[in-house]
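Engineer: Sequence:
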Amino acid sequence: MTLGAPRLRVADLVDRVQPRPVPTSEVALQGRVWDVRRDTVDLGEAGTVTREYVDHPGAVAVLALREDRGPAEVLLIQQYRHPVGAFEWELPAGLLDVDGEPPVHAAARELAEEADLRAGRWDLLADYVSSPGGLSEALRVFLARDLSDVPGDEVFEREGEELGMPTGWVDLDVAVESVLAGRIRNATVAIGLLSAQVSRAQGWASLRRADEPWPAHPRLRDR
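Numbering (UniProt numbering), first residue to last: 1 to 223.
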């Protein structure tokens with residue numbers, strides 16, 4: 001019975017990365033940015049099943065934090081997201097679509113391109129998988145501090161949907177309150193803000209190295 005299930009310890013709470021054999025795999029739908037893949041998966045005693053999922057390159061996001069003018073503030077950007085029909089407040093973020101680029105370097109590139117900022121200190125704040133039942137995306141959230149503006153002659157020229165995106169600084173406590181109240185709903189910004197709030201309360205003891213291995217990412221787990 002469920003009430004008699006064992007009590008888990010801290011050491012038990014580790015996701016087990018153990019991909020099952022895939023006898024066949026095909027692209028069911030080829031997209032502009034990512035594909036839908038159809039795999040047959042050998043689950044052992046449970047038999048073979050077919051799973052269709054979005055094959056995603058993964059992504060990084062940056063929680064840029066400053067404490068140089070009072071309470072801790074974070075930078076948010078607003079971007080239109082067509083699938084949900086909303087202008088969402090988000091963290092600077094982007095796809096891991098440059099071959100061989102370390103995730104923290106991708107994060108630094110996105111921070112410069114979307115927010116015109118550089119950071120003197122980088123730490124790993126949080127890892128998560130977006131929707132593991134139908135999407136292979138793994139996402140890593142970095143904490144960026146010791147911030148400075150990108151020099152004027154190096155500012156990235158935005159275009160398309162990124163042109164004219166609003167940006168703004170907000171008190172970390174106010175941003176967290178907005179998540180808990182359901183006023184901002186983007187998963188990445190929620191995970192980043194809540195993780196930062198808890199970690200900061202613990203004196204940042206939970207932060208990890210920015211170059212820590214990433215076994216949850218299907219394409220990076222062997223690096």
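Be aware that a few hints might be false.
Ranges of calculated distance between the beta carbons of each label pair, as one might list FRET restraints [unchecked claim]:
| id | residue 1 | residue 2 | range |
| --- | --- | --- | --- |
| 1 | L43 | L3 | 25 to 31 Å |
| 2 | L43 | D68 | 33 to 39 Å |
| 3 | V150 | V170 | 16 to 22 Å |
| 4 | A181 | G47 | 42 to 48 Å |
| 5 | R121 | G31 | 34 to 40 Å |
| 6 | R7 | A181 | 32 to 38 Å |
| 7 | L180 | Q78 | 40 to 46 Å |
| 8 | D97 | R221 | 41 to 47 Å |
| 9 | G70 | A205 | 22 to 28 Å |
| 10 | L43 | Y128 | 35 to 41 Å |
| 11 | L180 | R121 | 23 to 29 Å |
| 12 | R121 | E157 | 26 to 32 Å |
| 13 | R121 | R51 | 24 to 30 Å |
| 14 | T2 | R121 | 22 to 28 Å |
FYI, nobody ran anything at the bench for these hints, they're computed from the structure.
Here the structure is a predicted model, which is why all the values come from computation and not from measurement.
Heads up, the beta-carbon is just placed ideally off N, CA and C, and yes, glycines get one too.
Engineer: So, for every hint listed, does it hold in this structure?
Structural biologist: These are the hints, each one checked on the structure:
1. L43 with L3: 25 to 31 Å: This hint holds: roughly 28 Å between Cβ atoms.
2. L43 with D68: 33 to 39 Å: Given about 53 Å between the Cβ atoms, the range is violated.
3. V150 with V170: 16 to 22 Å: Holds: the Cβ-Cβ distance is about 21 Å, inside 16 to 22 Å.
4. A181 with G47: 42 to 48 Å: 45 Å, holds
5. R121 with G31: 34 to 40 Å: 37 Å, holds
6. R7 with A181: 32 to 38 Å: 33 Å, holds
7. L180 with Q78: 40 to 46 Å: 19 Å, violated
8. D97 with R221: 41 to 47 Å: Violated - the Cβ-Cβ distance for D97 and R221, about 18 Å, lies outside 41 to 47 Å.
9. G70 with A205: 22 to 28 Å: 23 Å, holds
10. L43 with Y128: 35 to 41 Å: 24 Å, violated
11. L180 with R121: 23 to 29 Å: Since L180 and R121 have Cβ atoms about 28 Å apart, the given range 23 to 29 Å holds.
12. R121 with E157: 26 to 32 Å: 27 Å, holds
13. R121 with R51: 24 to 30 Å: Violated, at about 40 Å.
14. T2 with R121: 22 to 28 Å: 45 Å, violated
In summary, the structure is inconsistent with hints 2, 7, 8, 10, 13, 14 from the numbered list given earlier, while agreeing with the others.
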